[in-house]
Amino acid sequence: MNDTTATESSTTEISWRQSARTDWLTPMVETLPYVELKLEHPNLDPTRYGESFFPDAIPYEYDGGHRVFYWRPTLDTGTSEQPDWQGVCATTDTLSVVEEGRPYTPDFVSRRGETEVVVEGTVGGDSTTAFVRSYSVPDVRVREVTASRLELLADGTEYTVSSGTRRRVSLSEQTVERADGDGTVTVTPELVVRFPGERELHHPAPGAEYQLFPSFGLDLDTIPNPVPVPTTNGELDHAAFATSLGVDLSDRPYPERVLWQAFAYTAFDPYTATVPRLTQFRTGHLALLNSPPEQ
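For the sequence shown, the numbering used here gives the first residue as 747, with consecutive numbering after it.
Quick caveat, the hints were computed from the structure, so don't treat them as lab data. Possibly wrong hints are sitting among the right ones.
[Stated by the list, open to error] Using C-beta positions, here's what the derived DEER-type ranges look like:
(1) PRO970 with GLU897: 47 to 55 angstroms
(2) ARG913 with ARG848: 18 to 26 angstroms
(3) GLY992 with GLU860: 36 to 44 angstroms
(4) SER756 with THR968: 47 to 55 angstroms
(5) ALA893 with PRO974: 44 to 52 angstroms
A virtual CB, placed ideally from N, CA and C, is assigned to each residue, including glycine.
All chains, please: the whole structure from these sequences, using the hints.
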């Protein structure tokens, strides 16, 4: 007796709207020093696990260049103007500008009644976290960043990290209370530094709400409306969808194939009740903003 599961393939037509690119703020594509910082607490037991299906930050090499693609709006520019930017600093949850002449203090913890700290994390991705009380946030500051060097101050000690290197620094030990009331525990926060140097940062325009994607070789004007979306067992088939639109995923680096999945599911998931609004910039980038259906 063969125990096989039959698959059912079909298509679902999904309507979308095309907007003029002049109605959208131009995305940011800038080459800047790019710093990754994590503050981890590996001896804590996690109480929460990340649930994001696609990471916010997707680094990869393409056409000989190194890029970091943030497809969701994440960058906090504060009140600074772009000529004053020294670089950008990414943590597990944030992406912020490092301004010339102003030390930057990353926000490593979340406080909503209790303090949530990272047990083990991925920059721009999922992290395991723990809730604690009586926690003293280590003093970590980015003093200066250039294309070749990063200067840090952590708990009063200066550190210099050269581009293309990484470093793990054990900070001052402290005792915290478990948020579940199950006693206290001694923790040693660990600062994890990765400084790849300059990277080409792709990000939605600061202040914009749209989501940003590469072109994938698509010409938005050639996509039918409504567009037939292939499904397998009722679920969107992102690979078949790419083939139907003439997108050759085999010619793309794996991280860009992940971005294709994020684009396909965010814009054209058959179970999404919103209507995708799309535009294409002169750079080829695609922008997506999901809107409520018209009544």
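Q | Violated hints, by number in ascending order, as checked against the structure | A | Per hint list: 3 and 4 violated.
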